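Number of protein chains: 2
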Amino acid sequence: MKIRRSDRLVDMTYYLLNHPYTLISLTYFAKKYSSAKSSISEDLTIIRRAFEENGYGIVETLPGAAGGVKYVPFITDEEARLFATEICEKMDSNERVLPGGYVYLSDLLGNPQVLNQIGRIIASQYRGEKVTAVMTVATKGVPIAQAVASYLNVPFVIVRRDSKITEGSTVSINYVSGSSDRVEKMELSKRSLPSGSRVLIVDDFMKGGGTVSGMRSIIEEFDSEIVGVTVFAEAAYTSKETEDYASLIRVSEVNIRNRTMTVSLGSYFDI
Amino acid sequence: MKIRRSDRLVDMTYYLLNHPYTLISLTYFAKKYSSAKSSISEDLTIIRRAFEENGYGIVETLPGAAGGVKYVPFITDEEARLFATEICEKMDSNERVLPGGYVYLSDLLGNPQVLNQIGRIIASQYRGEKVTAVMTVATKGVPIAQAVASYLNVPFVIVRRDSKITEGSTVSINYVSGSSDRVEKMELSKRSLPSGSRVLIVDDFMKGGGTVSGMRSIIEEFDSEIVGVTVFAEAAYTSKETEDYASLIRVSEVNIRNRTMTVSLGSYFDI
Chain A
1 MKIRRSDRLV DMTYYLLNHP YTLISLTYFA KKYSSAKSSI SEDLTIIRRA
51 FEENGYGIVE TLPGAAGGVK YVPFITDEEA RLFATEICEK MDSNERVLPG
101 GYVYLSDLLG NPQVLNQIGR IIASQYRGEK VTAVMTVATK GVPIAQAVAS
151 YLNVPFVIVR RDSKITEGST VSINYVSGSS DRVEKMELSK RSLPSGSRVL
201 IVDDFMKGGG TVSGMRSIIE EFDSEIVGVT VFAEAAYTSK ETEDYASLIR
251 VSEVNIRNRT MTVSLGSYFD I
Chain B
1 MKIRRSDRLV DMTYYLLNHP YTLISLTYFA KKYSSAKSSI SEDLTIIRRA
51 FEENGYGIVE TLPGAAGGVK YVPFITDEEA RLFATEICEK MDSNERVLPG
101 GYVYLSDLLG NPQVLNQIGR IIASQYRGEK VTAVMTVATK GVPIAQAVAS
151 YLNVPFVIVR RDSKITEGST VSINYVSGSS DRVEKMELSK RSLPSGSRVL
201 IVDDFMKGGG TVSGMRSIIE EFDSEIVGVT VFAEAAYTSK ETEDYASLIR
251 VSEVNIRNRT MTVSLGSYFD I
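In order, the protein sequence lines correspond to chains A and B.
Going by UniProt numbering, the letters in the first sequence line up with residues 1 to 271, in that order.
Going by UniProt numbering, the letters in the second sequence line up with residues 1 to 271, in that order.
Mixed in with the good hints, there may be bad ones.
30 Å max Cα-Cα, derived DSSO-like pairs, lysine-lysine [stated by the list, open to error]: (1) B/LYS130 <-> A/LYS90; (2) B/LYS185 <-> A/LYS185; (3) B/LYS90 <-> A/LYS31; (4) B/LYS164 <-> A/LYS185; (5) A/LYS90 <-> B/LYS70.
Please keep in mind that the hints were generated in silico from the structure rather than gathered at the bench.
Everything numeric in this text was worked out from a predicted model, so none of it was measured.
Pulled out of the complex, with its shape left as it was, chain A reads as follows (with noise of 0.2 Å):
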């Protein structure tokens, strides 16, 4: 049975939301809909222009026989922005500041309208990159990893700082912890990371940057390459062993007595 323009114009914007960085033919689409693959561009048309005007993503189209279409996720800067000073303001309140100077933000990263918010925006810097996998170090890190993982559809892997039976057989490295000096030890399942990978490393919150030194090198113990480095927060306030990476938002002048904190953007806005 032929199905009308707009059930299918909202049928196929499921579609893509559900599935984005994946080629689809238009053939797929025709046969599912039972319509011509001209009235299939037709559709796509309007979609990529609703998509582009409200700043939801580009729906890319390749042509030829091995063509289709793509959904790319994207946030404009204006919306991340938006979102990032709300967020700011969200962090304000000097019931977050915690001993050693950590922030309590377990609130935030546990609202799933924030962390697509997260994903949405740190799929959107590296969607001209190839990332096969995103990588994070258990627990805090880990919905940061899943949202960025859902937009940019790979896999994400979990490090961790524990042994778990449930993990197989590991490898692990050794790594000094910036924030206590102390040498810890990390690890990954051997058989969750192909060599070769391409990887995108996200945690929560940066002090000392050690953690991220650490799974720097585990990428290269599984013979994988660093796409890129980005964190929720950074604290501004210690110094870095790692350089090249991004925040979304930046806390300094910690005050543990008064419990008072600045929080600003971090450097993902710094451009």
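Here the structure of chain A is known, so what remains is to put chain B in place on it, guided by the hints.
Below, chain B alone, put in the same frame as chain A:
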């Protein structure tokens, strides 16, 4: 500027998918598109029909001044079974059997597409209940909790076995781990769960059920209620401390020496 119906349909579909369980007034859409409410109503009829026919969920319309439209994600029994059956096939590999009768799942639970479907299935199961938070235990349960929470549009909270300074003050309880018979500790950040919450417990793999019992105790400590328990996989070869739960898949006849096991549909599909 008045927006065309075709563009409205694409944009409203995007908006609804990104705001599940949120009551959106028709006035919001009417203003956004400079269109009459009657046109918006007609758009929603089209979207409702397309969502229903494709098994994407229910688009509820609530009449009256305080009314509006609400998207409730849903999955048909057929699609859920198909997905779970595919997972069973993917799990049918002797390389997954680990010492102690554990099963390697990190590839599946690190795949955003798999996680989204798991989230959709579990959210669909509890769509009639009033869930205000999803709870899990670190680390493996986190991606499932996030996926479910995203479809239910509620926060998720992470119970930890190890104390972390970044959580602030915590409430901790002791529980008996079913698999090791040892007394262990788990804790939850005090401010992460408001009293009076209605909590859905999810986890990746249930063996003895000790972890779930522990989470039940934690929920009581927070003067909150349990709405239900659903795990991705359950081991059918161990006695359980808890009876009231659902599983998407069931692992049985694990032979550690031969590294074989049997995987079948879980109790979610029993009815």
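Results of checking the hints against the structure:
1. B/LYS130 <-> A/LYS90: Holds, because 26 Å separates the two Cα atoms, which is no more than 30 Å.
2. B/LYS185 <-> A/LYS185: Holds - the C-alpha atoms of A/LYS185 and B/LYS185 are around 23 Å apart, at most 30 Å.
3. B/LYS90 <-> A/LYS31: Holds: B/LYS90 and A/LYS31 sit about 28 Å apart, inside 30 Å.
4. B/LYS164 <-> A/LYS185: holds (17 Å)
5. A/LYS90 <-> B/LYS70: Holds, because 27 Å separates the two Cα atoms, which is no more than 30 Å.
Going through the hint list in order, the structure satisfies each hint without exception.
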